[in-house]
Each structure stands twice: as structure tokens, then as C-alpha cells.
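Given only the sequences and the hints, what does the whole structure look like? Please build it.
So in our numbering, the last spot in the sequence shown is 290, and the numbers never skip.
Read the hints as simulated data drawn from the structure, not as lab findings. Idealized CB from N, CA, C, for every residue including glycine. It is possible that some hints are incorrect.
Simulated restraints, written as ranges between beta carbons of each label pair [said to hold, decoys possible]: (1) Leu-259 x Lys-60: 46 to 54 Å; (2) Gly-61 x Leu-211: 41 to 49 Å; (3) Thr-269 x Ile-194: 35 to 43 Å; (4) Thr-269 x Lys-71: 51 to 59 Å; (5) Ser-148 x Lys-120: 33 to 41 Å; (6) Gln-119 x Leu-8: 17 to 25 Å; (7) Ile-134 x Leu-206: 39 to 47 Å; (8) Ile-134 x Arg-67: 38 to 46 Å.
Below are the DSS-like pairs computed for lysine-lysine, each with C-alpha atoms no more than 30 Å apart in a straight line [said to hold, decoys possible]: (9) Lys-123 x Lys-71; (10) Lys-5 x Lys-58; (11) Lys-120 x Lys-2; (12) Lys-200 x Lys-266; (13) Lys-5 x Lys-71; (14) Lys-58 x Lys-71; (15) Lys-60 x Lys-71; (16) Lys-5 x Lys-123; (17) Lys-71 x Lys-2.
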Amino acid sequence: MKENKALLLLLLTSLIWGFAFVAQSVSSESVGPFTFNSIRMLIGAIVLLPFAIPYLRKHKGDKAYLRNTVKGGILCGLCLGAASVTQQMGVSLSGAGKGGFITSLYIIFVPFMSVFTGQKIRKEIWFSAAVALIGMYLLSIGEGFTISEGDLFLILCALLFALHIMVIDSTGKETDGIVLSFFQFLTAGILTGIGMIFEKPQLAALQEAWLPILYAGALSCGVAYTLQVVGQRYVRPSRAVFALSLESVWAAIGGALILSEKLSAKELTGCILVFAAVLVAELAPQKSST
Numbered sequence: 001m002k003e004n005k006a007l008l009l010l011l012l013t014s015l016i017w018g019f020a021f022v023a024q025s026v027s028s029e030s031v032g033p034f035t036f037n038s039i040r041m042l043i044g045a046i047v048l049l050p051f052a053i054p055y056l057r058k059h060k061g062d063k064a065y066l067r068n069t070v071k072g073g074i075l076c077g078l079c080l081g082a083a084s085v086t087q088q089m090g091v092s093l094s095g096a097g098k099g100g101f102i103t104s105l106y107i108i109f110v111p112f113m114s115v116f117t118g119q120k121i122r123k124e125i126w127f128s129a130a131v132a133l134i135g136m137y138l139l140s141i142g143e144g145f146t147i148s149e150g151d152l153f154l155i156l157c158a159l160l161f162a163l164h165i166m167v168i169d170s171t172g173k174e175t176d177g178i179v180l181s182f183f184q185f186l187t188a189g190i191l192t193g194i195g196m197i198f199e200k201p202q203l204a205a206l207q208e209a210w211l212p213i214l215y216a217g218a219l220s221c222g223v224a225y226t227l228q229v230v231g232q233r234y235v236r237p238s239r240a241v242f243a244l245s246l247e248s249v250w251a252a253i254g255g256a257l258i259l260s261e262k263l264s265a266k267e268l269t270g271c272i273l274v275f276a277a278v279l280v281a282e283l284a285p286q287k288s289s290t
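Spelled out as C-alpha cells, the structure:
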């Protein structure tokens, strides 16, 4: 698959993820973050299981393949589970639109992490990251240089998602994307399921939140994360992260259209800067990275 075609998969991923912020915001009124994420991750694993089985049968007896796949899936699942829970906490406090843009802070963290793995980052990427950082300042920092608890959760989740992207980059090329996704969802579902026990969800609450949970599980997990794993095989992390960060734009659109969320002039300016940073990174001339 050529890089441009793979990039389209990542852009579709950002669209699905963006509207998932709306699902997260709606469900937070009924269920806790561990409950929401445990169920959605397990739904994602169930959706992928029929597609993962043929790959597992194909490599039956290949212990090295199975070991690498399970190891990669567990590592990805640990990062994904932690990132998703902190994101859910942040969205419940800060809203879908704002949450989408703050989460896109991982466009700052991924290039930084890539440097320590020996990858060269184009100057356009660093310029875009700086512009995005200014946008995040306008979006999140209030009077007296204060930041809300919800925004702090979202910044932490951005760091964890950046780590998740780097783990996929280091393990995804050695495995099948669907199988890796299955194991990461299974791991994340079990991990967050431990926290769900303490939240003691009620059946009535689950019934109220079934639609956003189903969307987040079947589409955001089952489809979008798989597209991410497949697409990232052919797109450099420093470029892929900017395509994926467009989810913030879709989150703002979804929050405005479905939840009637509104941003202040200062926050809107921050959103525009983030979006501009994405465009600069994508339209800049591509150079080989060694």
C-alpha cells in the first residue's frame, strides 16, 4: 500500500474518533470511565475476532509470530487502556469539542519521542508542533495561568496516546494489524474491567448509554483503531500523527452540532491554530527519513 492511500485510512480514522468524543460525553452522564472503556474495548475485540481467526490459523505453529503479536497487543493495550480512561475523565469535565483539541497535543509528544528512537524529523513538523502548542495555550490556559482538572486529564491522555502511537510503530510492522488490534482491545478491556468492578455500574445506566457505547466499541475501536494499525505500517509516525489529530476538528464539529457546545473567541482561535498546524505539516514537501 502506498503512503498516500494509507494516509486516507488515517484520515477516516480521525473522522470516526472525532465523533466518538460526542459518544464519550453523552455516556459520561450515565456510566463511569472504567465501565465505558471496558465494555467498548471488549466490543471492539468481539467485532474483530472473526477477522482475526483466519490470520491466527494461517500462522498456527509459528511461535515467534504469536509471541510478537501477543506481546505487541499487550503493550498497545496497556497504553490504550490508560489513555482512554484519562480521556474519558477529561471529556466528562471539559466537553467533547475542547477535549478533542487538547487530546491532539500528542502531535507535540510524538516528534519528541521519535527523536529518541533515532528518527529524523522535518523542520516543518517542528514548526507545526510549535504552532499547535500556541493553539493549545489559547484553548486551555485560563486567567491567572490556571488549567482545569479536566484539561489536565486530557493532557495526560495525549501523552499516553503518543506513547501508544510509538508502540504501534515499533510492533505493528511485525504482525497483522487486525490480530494486533484484537489483542490490544482484549488487554485494554480486561485492564479497565478491574476498575469497572469498583464503579459498580447499574443495568439502568448501561441501558441509557448503550448507543454511544456501541458506537465507541464497534466503530471507534473495532474499525478505527484497526485502520490506524494498518495505516501506520506505511506512514511515518511524524506524518501519521498530524493526520490523526484532525479528530479534534471533527470533535468540535460534533460537539457543536449534536451537543450544542460553544467555544469562546479565545478557544476558537486556539482551535484554528491547531488546524493550521495540521495543514502545514500535511502540505509541506515530503522528504525521506532515515
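Here is how each hint holds up against the structure:
1. In this structure, Leu-259 and Lys-60 meet the distance hint of 46 to 54 Å, their C-beta atoms being roughly 47 Å apart.
2. Distance hint check for Gly-61 and Leu-211: the Cβ-Cβ separation is about 42 Å, which falls inside the suggested range of 41 to 49 Å.
3. Between Thr-269 and Ile-194 the CB atoms are about 41 Å apart, so this pair conforms to the stated range of 35 to 43 Å.
4. At about 44 Å, the beta-carbon gap between Thr-269 and Lys-71 misses the expected band of 51 to 59 Å.
5. Here the CB-CB span from Ser-148 to Lys-120 is close to 36 Å, well matched to the stated 33 to 41 Å.
6. The hinted range of 17 to 25 Å is satisfied by Gln-119 and Leu-8, whose Cβ atoms lie roughly 23 Å apart.
7. Range check, Ile-134 to Leu-206: about 41 Å between beta-carbon atoms, so the 39 to 47 Å window is met.
8. Taken as a hint, the range 38 to 46 Å holds for the pair Ile-134 and Arg-67, whose Cβ atoms sit roughly 44 Å apart.
9. Restraint check for Lys-123 and Lys-71: the C-alpha separation of about 34 Å exceeds 30 Å, so the hint is violated.
10. As the CA atoms of Lys-5 and Lys-58 are separated by approximately 26 Å, the hinted pair is consistent with the 30 Å bound.
11. With a C-alpha separation of about 21 Å, the suggested pair Lys-120 and Lys-2 falls inside the 30 Å cut-off, and the hint holds.
12. A distance of roughly 39 Å separates the Cα atoms of Lys-200 and Lys-266; the hinted pair therefore is violated under the 30 Å criterion.
13. Taking the CA atoms of Lys-5 and Lys-71, the gap is near 28 Å; set against the 30 Å cutoff, the hint holds.
14. Taking the CA atoms of Lys-58 and Lys-71, the gap is near 19 Å; set against the 30 Å cutoff, the hint holds.
15. Pair hint Lys-60 plus Lys-71 holds up; C-alpha atoms about 17 Å apart against a cutoff of 30 Å.
16. With a C-alpha separation of about 24 Å, the suggested pairing of Lys-5 with Lys-123 holds against the 30 Å cut-off.
17. Of the supplied pair hints, the one linking Lys-71 and Lys-2 holds, its CA atoms being roughly 27 Å apart against a limit of 30 Å.
Hints 4, 9 and 12, counting from the list given before, are not met by this structure.
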